[in-house]
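Asks: Residue numbers (my numbering), protein chains in the order written: chain L, -9 to 237; chain C, -9 to 237; chain Z, -9 to 237.
A few of these clues could be false.
[Said to hold, decoys possible] Under the rule of at most 25 Å between Cα atoms (straight-line distance), these lysine to aspartate or glutamate pairs were calculated in the DMTMM-like manner:
| id | chain 1 | residue 1 | chain 2 | residue 2 |
| --- | --- | --- | --- | --- |
| 1 | C | Lys195 | L | Asp71 |
| 2 | L | Lys191 | L | Asp13 |
| 3 | C | Lys191 | L | Asp160 |
| 4 | C | Lys86 | Z | Asp65 |
| 5 | L | Lys191 | Z | Glu150 |
| 6 | C | Lys191 | L | Asp65 |
| 7 | Z | Lys86 | L | Asp140 |
| 8 | L | Lys195 | Z | Asp65 |
| 9 | L | Lys191 | Z | Asp92 |
| 10 | C | Lys86 | Z | Asp163 |
| 11 | Z | Lys195 | C | Asp71 |
| 12 | Z | Lys86 | L | Asp136 |
| 13 | L | Lys16 | C | Asp163 |
| 14 | L | Lys191 | Z | Asp65 |
| 15 | L | Lys195 | Z | Asp71 |
| 16 | Z | Lys191 | C | Asp71 |
| 17 | C | Lys16 | Z | Asp163 |
| 18 | L | Lys86 | C | Glu158 |
| 19 | L | Lys86 | C | Asp160 |
| 20 | Z | Lys195 | C | Glu64 |
| 21 | Z | Lys191 | C | Asp92 |
| 22 | L | Lys16 | C | Glu64 |
| 23 | Z | Lys16 | L | Asp160 |
| 24 | Z | Lys86 | L | Glu158 |
| 25 | L | Lys86 | C | Glu64 |
| 26 | L | Lys195 | Z | Glu64 |
| 27 | L | Lys191 | Z | Asp71 |
Read the hints as simulated data drawn from the structure, not as lab findings.
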Amino acid sequence: MFTAIVSASTLRDALDSVSVLVDECKIRLNEDELVIRAVDPANVGMVDLTLEAAAFEAYEADGGVIGVNLGRLEDIASMADSGDLIHMELDEETRKLEVRIDGLSYTLALIDPDSIREEPDIPDLDLPAEIVPEGAQIDRGITAADMVSDYIQLRVDEAEESFVIEAEGDTDDVDFVLEREDLVDITPGAADSLFSLDYLKDMNKAIPNDAEVRVELGDDFPVKMHYDFAEGLGHVTFMLAPRIQGD
Amino acid sequence: MFTAIVSASTLRDALDSVSVLVDECKIRLNEDELVIRAVDPANVGMVDLTLEAAAFEAYEADGGVIGVNLGRLEDIASMADSGDLIHMELDEETRKLEVRIDGLSYTLALIDPDSIREEPDIPDLDLPAEIVPEGAQIDRGITAADMVSDYIQLRVDEAEESFVIEAEGDTDDVDFVLEREDLVDITPGAADSLFSLDYLKDMNKAIPNDAEVRVELGDDFPVKMHYDFAEGLGHVTFMLAPRIQGD
Amino acid sequence: MFTAIVSASTLRDALDSVSVLVDECKIRLNEDELVIRAVDPANVGMVDLTLEAAAFEAYEADGGVIGVNLGRLEDIASMADSGDLIHMELDEETRKLEVRIDGLSYTLALIDPDSIREEPDIPDLDLPAEIVPEGAQIDRGITAADMVSDYIQLRVDEAEESFVIEAEGDTDDVDFVLEREDLVDITPGAADSLFSLDYLKDMNKAIPNDAEVRVELGDDFPVKMHYDFAEGLGHVTFMLAPRIQGD
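Can you build the whole structure from these sequences, using the hints too?
Replies: In structure tokens:
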């Protein structure tokens, strides 16, 4: 059983954070929250999304799991204006999701959850450094790095208490330093890891410019990025595996 | 003999409604109105446009016919700002149309009208149902249908007195219901026809979002859509042949 | 030695006027001004740009010459908002240009100036006619001419004291007349030359719509177009060779 009413903008923000990594996903319709966990086909990037029942105008669920084509659900959501409410109702018999926006109704065929890549277990990592920039700052660093390289280095300068985003190209280099006063917060620690820009660019597309993004970082360790949406009732964690440095 | 002065926006609205169906057309320069009738190469969609002399700042004509390349005339009109006046004058000897916008003048070679597909006779049909939605509602139905299918079904639910736009895809369906109170007007009647979305999408491009569109509909019959522009002095009728249902 | 601070919009306007003709250029870092002269690979179009020291927030140079990839420098400049200041500093040892925008720094590898096409000497021509339209009028004439032809004719009607922009297509013609009262200024003289539209379209991209453009013109002679930017402290001259008429 699943029926829900949610604002178009909340649904879109939720879907966007997953669709940057995968085309299809399982959605867990828990009693008190909707949960999506997904990993990209190369096992490099993961997302863990939770949308609390309170983020919905109405929400009723009993723990089922559905499989959806994200692009199609995003197309439907794009038919609504930001303020519009989107009604969703699961037809248990036909295994279709009825999506209604005003007089418009869309019957979406669901995907057998068993045919979808298994949900990842996002590991607990005790990462030594934590930095909190705004989404716009991450965007700026990624855009600059992208001018010169396919990789991006994220590190903490413990002495300066700054967050450093670097990229080395064949001839040109980019270097973006965020001091303590530029950041919402920083907990310095030994942290220096290299990542594929492609994945970070995709994740960056989903991160709102004004979101405070809690970045957990280590030495040649995965990076975790946490941010909230839907007025604090939606939560996203991205995790990205590092590229081992030194060739 | 033909000389006319018309606002750029009126000329553009007129040309757009024809160019969605054909590249070239005949323009009848009647004494009291300009008339264009055209049918697409596959004989599926027709347009009948009338622009009254009163829609022009100045209009003088004596019943001649000219053949024009619509794309080219639209390019010229696009050089004007919306409020600009466009002067047109036919040079009978050279068979060229002189188009002037401010200091700019464009000499457009006309096409021999005899080389252009014959103008269609748009048949009088006594269709049982008439529905009057706004252009924006038609646009919404077409956009939604386009997500799942190449065809669109238009029908009237006589019991509910509602206008139903439907599309059936391989896995997903779309269903858009406009009740009496959503519509400008409705005269229910037996009406249920299937149409090619390609043609409706083209016609829809020309229909202003805020236009009241009078839709005449029957059972496996062509649909007619009528709307006005140029403050009620321009009139467009689109007619689209149905796709016979049932395979 | 070279260090400079300049507003992003001034740097962008300067680079744009050169990058429409060439991909790489030499920049002369004179004591009191920065100078770029370049000619396109086909030797048809030339640009001469001067940006006075006073156009910078800070400027220190001693006459060196650097070679730059314009696209790359434009990419960097695009990272700044219009009001942002861009800091540039030449590292004499590494022959790299350090470009800083806020916390972001970009290390740009320079190009050996000797490997870049030699700077042209823009000839002194005593052209008989001078016309001063606004950039927007040149844009209008070029856009209209582009609808019918690959060439554009610029001439002065000495009797009417007007500037005439013409293009002759296979079937259609365009004719744009600017009278004395439409122009900032005109000094009539024998002037009638044909030019390749491709080059003029490129130059036109760099000319601000509201710039007063001093156009010098002769009979089958090159055209020169002069305009200022950066509040009168930046100066651009474009010169374009004519296409000889009469085939």
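Asks: A separate judgement is required for each hint: does it hold in the structure or not?
Replies: Taking the hints in turn, this is what the structure says about them:
no.: 1; hint: Lys195(C) with Asp71(L); in the structure: 20 Å, holds
no.: 2; hint: Lys191(L) with Asp13(L); in the structure: 17 Å, holds
no.: 3; hint: Lys191(C) with Asp160(L); in the structure: 49 Å, violated
no.: 4; hint: Lys86(C) with Asp65(Z); in the structure: 47 Å, violated
no.: 5; hint: Lys191(L) with Glu150(Z); in the structure: 60 Å, violated
no.: 6; hint: Lys191(C) with Asp65(L); in the structure: 17 Å, holds
no.: 7; hint: Lys86(Z) with Asp140(L); in the structure: 21 Å, holds
no.: 8; hint: Lys195(L) with Asp65(Z); in the structure: 20 Å, holds
no.: 9; hint: Lys191(L) with Asp92(Z); in the structure: 22 Å, holds
no.: 10; hint: Lys86(C) with Asp163(Z); in the structure: 10 Å, holds
no.: 11; hint: Lys195(Z) with Asp71(C); in the structure: 20 Å, holds
no.: 12; hint: Lys86(Z) with Asp136(L); in the structure: 19 Å, holds
no.: 13; hint: Lys16(L) with Asp163(C); in the structure: 21 Å, holds
no.: 14; hint: Lys191(L) with Asp65(Z); in the structure: 17 Å, holds
no.: 15; hint: Lys195(L) with Asp71(Z); in the structure: 20 Å, holds
no.: 16; hint: Lys191(Z) with Asp71(C); in the structure: 21 Å, holds
no.: 17; hint: Lys16(C) with Asp163(Z); in the structure: 21 Å, holds
no.: 18; hint: Lys86(L) with Glu158(C); in the structure: 14 Å, holds
no.: 19; hint: Lys86(L) with Asp160(C); in the structure: 13 Å, holds
no.: 20; hint: Lys195(Z) with Glu64(C); in the structure: 23 Å, holds
no.: 21; hint: Lys191(Z) with Asp92(C); in the structure: 22 Å, holds
no.: 22; hint: Lys16(L) with Glu64(C); in the structure: 49 Å, violated
no.: 23; hint: Lys16(Z) with Asp160(L); in the structure: 22 Å, holds
no.: 24; hint: Lys86(Z) with Glu158(L); in the structure: 14 Å, holds
no.: 25; hint: Lys86(L) with Glu64(C); in the structure: 46 Å, violated
no.: 26; hint: Lys195(L) with Glu64(Z); in the structure: 23 Å, holds
no.: 27; hint: Lys191(L) with Asp71(Z); in the structure: 21 Å, holds
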